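Construct the complete structure from the given sequences, taking the supplied hints into account.
Residues per chain, in single letters:
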Amino acid sequence: MELQADVSGTQQTQNPHFHVLAVDDSLTERKLLERLFKESSCEVTLVDSGDKALEYLRLLDSQESESTASSTSTRSLQKEGLKVNLIMTDYSMPGMSGYDLLKRVKGSSWKDIPVVVMSSENVPSRISMCLEEGAEEFLLKPLQLSDLKKLQPHLLKSLVYPSKVVNSSTDSGNDIAMNSTNNNVVIKRKAASPDPLERRPKLQGLAVV
Amino acid sequence: MDKNRHLQRQLDMKRSLLDQGYLDEQFIQLEELQDDDNPDFVEETVTTFYNNSARFLQNIEHTLGDCPIDFPKLDNYMHHFKGSSSSIGATRVKNECTRFIEYCQAANAQGCVRTFLQVKQEHAILKAKLETYFQMAKSRIAAGAPSLCRSKNTSFAEFASYRKYKLFRKSDIVYRYLK
Numbered sequence: 001m002e003l004q005a006d007v008s009g010t011q012q013t014q015n016p017h018f019h020v021l022a023v024d025d026s027l028t029e030r031k032l033l034e035r036l037f038k039e040s041s042c043e044v045t046l047v048d049s050g051d052k053a054l055e056y057l058r059l060l061d062s063q064e065s066e067s068t069a070s071s072t073s074t075r076s077l078q079k080e081g082l083k084v085n086l087i088m089t090d091y092s093m094p095g096m097s098g099y100d101l102l103k104r105v106k107g108s109s110w111k112d113i114p115v116v117v118m119s120s121e122n123v124p125s126r127i128s129m130c131l132e133e134g135a136e137e138f139l140l141k142p143l144q145l146s147d148l149k150k151l152q153p154h155l156l157k158s159l160v161y162p163s164k165v166v167n168s169s170t171d172s173g174n175d176i177a178m179n180s181t182n183n184n185v186v187i188k189r190k191a192a193s194p195d196p197l198e199r200r201p202k203l204q205g206l207a208v209v
Numbered sequence: 001m002d003k004n005r006h007l008q009r010q011l012d013m014k015r016s017l018l019d020q021g022y023l024d025e026q027f028i029q030l031e032e033l034q035d036d037d038n039p040d041f042v043e044e045t046v047t048t049f050y051n052n053s054a055r056f057l058q059n060i061e062h063t064l065g066d067c068p069i070d071f072p073k074l075d076n077y078m079h080h081f082k083g084s085s086s087s088i089g090a091t092r093v094k095n096e097c098t099r100f101i102e103y104c105q106a107a108n109a110q111g112c113v114r115t116f117l118q119v120k121q122e123h124a125i126l127k128a129k130l131e132t133y134f135q136m137a138k139s140r141i142a143a144g145a146p147s148l149c150r151s152k153n154t155s156f157a158e159f160a161s162y163r164k165y166k167l168f169r170k171s172d173i174v175y176r177y178l179k
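Residue numbers (my numbering), protein chains in the order written: chain A, 1 to 209; chain B, 1 to 179.
These are computed hints drawn from the structure, not numbers from a lab.
Every clue listed holds true.
Simulated restraints on C-beta separations:
1) A:Ser128 to B:Lys3: 51 to 57 Å
2) A:Ser146 to B:Ser139: 28 to 34 Å
3) B:Asp75 to A:Lys103: 20 to 26 Å
4) B:Lys3 to A:Pro94: 43 to 49 Å
5) A:Ser40 to B:Gln8: 29 to 35 Å
6) A:Leu145 to B:Arg15: 21 to 27 Å
7) B:Glu131 to A:Ser146: 25 to 31 Å
8) B:Asp36 to A:Glu55: 33 to 39 Å
9) A:Ser125 to B:Asn52: 27 to 33 Å
10) A:Val123 to B:Pro68: 23 to 29 Å
11) A:Ser125 to B:Ala143: 51 to 57 Å
Every value quoted in this text rests on a predicted model; they were computed, and no experiment measured them.
No residue lacks a Cβ here, since even glycine has one placed at the ideal position from N, Cα and C.
If you want it as structure tokens, here you go:
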């Protein structure tokens, strides 16, 4: 079920193909994720563990030792044909949890790639922990198409190179600004979005820095 | 049978499954993802669920038979099973899983054993009902009735009348979900 990442060669100009790396240990849920992303015109690679995700991102210790952190950048990985616009991970997985994976990604050359964590449980401390560690969103399962629409701004953001300053607003009302000096992304979410309360975790309206 | 009666039968059965709480809105979401390119998506997903869940139920059963019972292990298994159940909209199964997890976290072995029987029962009942439902779908398609998928081939009139019915039902369900 894995697809080849779309290699656009140089820059993504018109008609970009978003490539999502989805991590979930449940086969049933991977099937749903695959369908949801394809319905949203994204390419998706599905793996069943955090270790497999790291392997795909070439972040396993054996792979990382082949290049220094300073020379490996997302752009050079793109030159090698490896492009990931978004990482979606389940929180509860045997072995490496989604949180552990999030930490590893945010401490690597893939740190600018948005990471979204999913969970079937609405645990506020878990949610804030993930958001503080750099997760862009925390979505409650089971996922629906409307949840993927929320990911649009993050996917669009991933097309912008860190060196550029972008100020744009999307239909969902999020303001996205990239700070060129430290590559931090500030996302301000408007409170009281029209999502049903059961679908969003209780920290809606929290400014994420 | 008249092809529209086929459609009606299937829709009535789905309505009944929703009303009785066997399935919830998530099942509707799965059907929304079905189209000409993925005409069997719902049945495939349900089949995947049942193929995998059997293994988890066995693991839980074995773990319940251990002495002493490894409750954290049971908790992990059941969380996984509950997550998969909810992804196909299996409400009653999911609710029994929740009860099981509560007993598990209280290290209540008897409660776990009792509730596990309920989990297995709901799991089996839903399987039988969904098999009937998918069989109805196959009969309907064989009779040439309009597809429940979003189809390029369905005539606009057929699709519009089905869509109107479906939107009516969906708004009904959304109302119940929100209240």
